[in-house]
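Q: Letter by letter, the chains look like this.
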Amino acid sequence: MITFSRIDGTPVYYWRSSRGNTTLRNWQATQAFYDSLVLWIRDLRSLSSAYGSITYLVSAGFYVNKPGEHGSGTAMDLDHVRWSGGQVSSPLDRDHASGTLATRRRYLAVDAVCRRRFRYALDGWYNAAHEDHIHSDFGGLPVRCVTGSESDTKFVQALCNNFMSSGLVVDGIWGPKTQSAFTTAKSRLGTTGDPHTSSAAWQSFLSAAARKGFANQAF
Amino acid sequence: MLDRRTFVLGAAATAALTSTLTAHAAAAAPASSAADNPRKAAGVFLASDGTPLMLTEENGQWVVIDEGGSVRITTGLAGADLVDVTRDGSTFHAVGALNGDPIATIWESTDGVTWREARRLHGVRSEFTAVGGGLAFGSVLKHERASVVRIAARRTASGWNTVPVRGLEWTDGLSATAVTATSDGWVVAAVDVAGTVLHTSRDGVTWATRPRLDGVAVRGLAFVDGRVHWVGNEVVDATPLTGVLDADRTSPAVPRDAKALGVAGTRSGWLTGGRLITAEATR
Numbered sequence: 001m002i003t004f005s006r007i008d009g010t011p012v013y014y015w016r017s018s019r020g021n022t023t024l025r026n027w028q029a030t031q032a033f034y035d036s037l038v039l040w041i042r043d044l045r046s047l048s049s050a051y052g053s054i055t056y057l058v059s060a061g062f063y064v065n066k067p068g069e070h071g072s073g074t075a076m077d078l079d080h081v082r083w084s085g086g087q088v089s090s091p092l093d094r095d096h097a098s099g100t101l102a103t104r105r106r107y108l109a110v111d112a113v114c115r116r117r118f119r120y121a122l123d124g125w126y127n128a129a130h131e132d133h134i135h136s137d138f139g140g141l142p143v144r145c146v147t148g149s150e151s152d153t154k155f156v157q158a159l160c161n162n163f164m165s166s167g168l169v170v171d172g173i174w175g176p177k178t179q180s181a182f183t184t185a186k187s188r189l190g191t192t193g194d195p196h197t198s199s200a201a202w203q204s205f206l207s208a209a210a211r212k213g214f215a216n217q218a219f
Numbered sequence: 001m002l003d004r005r006t007f008v009l010g011a012a013a014t015a016a017l018t019s020t021l022t023a024h025a026a027a028a029a030p031a032s033s034a035a036d037n038p039r040k041a042a043g044v045f046l047a048s049d050g051t052p053l054m055l056t057e058e059n060g061q062w063v064v065i066d067e068g069g070s071v072r073i074t075t076g077l078a079g080a081d082l083v084d085v086t087r088d089g090s091t092f093h094a095v096g097a098l099n100g101d102p103i104a105t106i107w108e109s110t111d112g113v114t115w116r117e118a119r120r121l122h123g124v125r126s127e128f129t130a131v132g133g134g135l136a137f138g139s140v141l142k143h144e145r146a147s148v149v150r151i152a153a154r155r156t157a158s159g160w161n162t163v164p165v166r167g168l169e170w171t172d173g174l175s176a177t178a179v180t181a182t183s184d185g186w187v188v189a190a191v192d193v194a195g196t197v198l199h200t201s202r203d204g205v206t207w208a209t210r211p212r213l214d215g216v217a218v219r220g221l222a223f224v225d226g227r228v229h230w231v232g233n234e235v236v237d238a239t240p241l242t243g244v245l246d247a248d249r250t251s252p253a254v255p256r257d258a259k260a261l262g263v264a265g266t267r268s269g270w271l272t273g274g275r276l277i278t279a280e281a282t283r
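Same order as they appear, the protein sequences are chains A and B. No gaps in the numbering here: position 155 of the first sequence is 155 in my numbering, and each next residue is one more. No gaps in the numbering here: position 262 of the second sequence is 262 in my numbering, and each next residue is one more.
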């Protein structure tokens, strides 16, 4: 495993014991996972470039001595993103449940960028254990949209509700209403190919959704 | 996916492992050749002769390694994805899941080398993640292997039987990391995003919340001389830590990169540089 304090030059802070703390911390992860984090933050920078540069990230952990991907050094818990333009996205503050649509859309944009690189992204809609951070890990790769995945399904349902007012129940069950809304979303976002079988198609869908989210635009 | 820990197998340990394998097990798998090769370790337990042993995976085989680097290849653990191991009297217990679509499974051994499957939970994606004092803890899993609900099995004269758990519902999204028997029941630990949550039970069924340990991921618990000792690593930078519940935490005399494996007898087990080291756990 490697030790790092920044991802591709961007500092990663820890706020769980002291909010606002900007002391650099020594995080650990495998080299392969860190390499994916670099790709992820470059995606994030590119898709949110209108906000300026990313000033810092806040995480709740990478390698943690516990079962699962954290214990393998192949997971990240994302708490907060801050841009130089002053914008923030704060899973730590449960932005997925914010009363402000633009805040929810920005959260979904960050969520979408995580899903471009990590197959298992567990967010605030997934379960109570993830209501205050977005978990991303190496499990289940390659990336694609799996209708049998509660995480993927809830993400698509929340996305359609917040960008298309689809009125779906966010229950993690991929039924005909979710399928119909997803088909509409794909069309409106100009996605070609099948995101259920093609990583490229899914990543294209997620990039388009993220752009809309950072711009606070419906689709 | 549920590999408990991934560690760097250091060059020195690799050399030691290679040497020992050559000397003691001609049929052994070749030692890791890369410093960044990940290593899975289920934990540490005390052999019948009092020797601390690490149960770890090497090139797809589960082996036990002592502090001197001596390796013995186990049998009966093919297809196992082990997460924890302990000794209970004259029997050794290991828990985890069968590979693939995970099925929570418990294995037993009388020598730590020859294992047999003692119980598996059919019909549901699940895993056991902690075992101690005749109690195994685990979770039913979602597609993404996140915990849906916590489960437990108890060792009785008739074998391992699932038991209900009450009072843990608010932690159903977490997986147990350690459990130990005490003078009047059990203590179980689970790690969340900010530290360790702890529960106690007198009957193994109804659980009550104890004060949490913030900032530390507890990996092992042991009840010695009337106190519950714990070992673990800090959540952020993985600094090794030990302590006693309701008392102070301390830094053990182990390298800074050491990862807690658990407690064996009165000694804590740590993985550093790919090898097992132990330290006094109960001072």
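There may be inaccurate statements among the hints.
[To be verified] Covered by chain A, according to a simulated footprint, are these stretches of chain B (three or more residues, beta-carbon under 8 Å):
| no. | stretch |
| --- | --- |
| 1 | 55-69 |
| 2 | 105-116 |
| 3 | 138-148 |
| 4 | 189-197 |
| 5 | 236-242 |
Since the hints were derived computationally from the structure, they do not count as laboratory data. All C-beta atoms in this analysis are idealised placements derived from N, C-alpha and C, irrespective of residue type, glycine included.
Q: Per the coverage rule (Cβ-Cβ under 8 Å, at least three residues), is the stretch 105-116 of chain B covered by chain A?
A: violated (count 0)
Q: Establish whether the coverage given for the stretch 138-148 of chain B by chain A is satisfied; the threshold is a Cβ-Cβ distance below 8 Å, and no fewer than three residues must meet it.
A: holds (count 6)
Q: Can you tell me if the stretch 55-69 of chain B counts as covered by chain A, using C-beta to C-beta distances under 8 Å and a minimum of three residues?
A: violated (count 0)
Q: Take the stretch 189-197 of chain B, compare each residue's beta carbon with every beta carbon of chain A, and decide whether three or more fall closer than 8 Å.
A: holds (count 4)
Q: Taking 8 Å as the Cβ threshold, is the statement that the stretch 236-242 of chain B is covered by chain A upheld or broken by the three-residue rule?
A: Result for this restraint: holds, n = 3.
In terms of the numbered hints stated before, the structure departs from hints 1 and 2, listed from lowest to highest.
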